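Hey, can you work out the whole structure from these sequences and the hints?
As you go down the protein sequences, you meet chains X and H in turn. Just so we're aligned: 12 in my numbering is position 12 of the first sequence, and the numbers increase by one with no gaps anywhere. Position in the second sequence (first residue = 1) + 1000 = my numbering.
Rather than coming from a laboratory, the hints here were simulated on the basis of the structure. Remember, predicted model here, so these are calculated numbers, not experimental data. Just so you know, even glycine gets a beta-carbon here, dropped at the ideal spot from N, CA and C. Don't take every hint at face value.
Stated by the list, open to error - In silico DMTMM-like links for lysine to aspartate or glutamate, alpha-carbon gap of 25 Å or less:
no. : chain 1 : residue 1 : chain 2 : residue 2
1   : H       : 1002      : X       : 38
2   : H       : 1042      : X       : 105
3   : X       : 71        : H       : 1043
4   : H       : 1042      : X       : 59
5   : H       : 1099      : X       : 62
6   : H       : 1042      : X       : 24
What the hints assert, rightly or not - Per the computed footprint, the stretches of chain X lying under chain H, defined by three or more beta-carbons under 8 Å from a beta-carbon of chain H, are:
no. : stretch
7   : 41 to 47
8   : 90 to 98
Claimed, not checked - Only part of the chain H face toward chain X is listed, based on derived beta-carbon distances under 8 Å:
no. : residue
9   : 1034
10  : 1060
11  : 1100
12  : 1103
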Amino acid sequence: DGGITQSPKYLFRKEGQNVTLSCEQNLNHDAMYWYRQDPGQGLRLIYYSQIVNDFQKGDIAEGYSVSREKKESFPLTVTSAQKNPTAFYLCASSRDINQPQHFGDGTRLSIL
Amino acid sequence: RKEVEQDPGPFNVPEGATVAFNCTYSNSASQSFFWYRQDCRKEPKLLMSVYSSGNEDGRFTAQLNRASQYISLLIRDSKLSDSATYLCVVSHFSGGYNKLIFGAGTRLAVHP
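Below you can see the structure in the form of structure tokens.
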């Protein structure tokens, strides 16, 4: 089945630890995105990538890093510099940067 | 002021009721408009795009009023399965692409 797969579903991080969230898509989409969702707020864009080997900062990129070495994969690293990492992280993709986005089922990150 | 504003609800309605949500947006240059549905602790899923002429998909009708900068979603004959949070999403050109701006969502609870 075609789709977007995020893993893990739940992730716990210790203080000062970097963690990487996986996002894979087999939809042959060029564009991929990372958002975080906090209670009572709309989704906020962390990073996006229009095409392989290219990515741009979104509105809240501080404390995060990404890579786009393969079209199918757009991993997000939450670094220790991100002081409030507890959130629901959503990866999305679209055929190109101006098409509707479709989401993976998310990763919930919590701090131990 | 938030770029996209929605009444958080909850809207508690009986099965079979008709319910309408509004959403206002602040950027007059917004170009595309969508409604997404998000079930509790799940990812958002595209419900429908919103076109200037208004559009209908089964029990769902979306309207756009550019002059007043609001979007509406009407659900007729509500079903228990319609219970979810409905996200209003607008896009405008920023940083070389049509960036999506998400509202925080309106929660709908349909009861027997």
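Check your understanding: Among all the numbered hints in the text so far, which are the ones the structure does not match?
Key -> Hint 10 alone not satisfied by this model.
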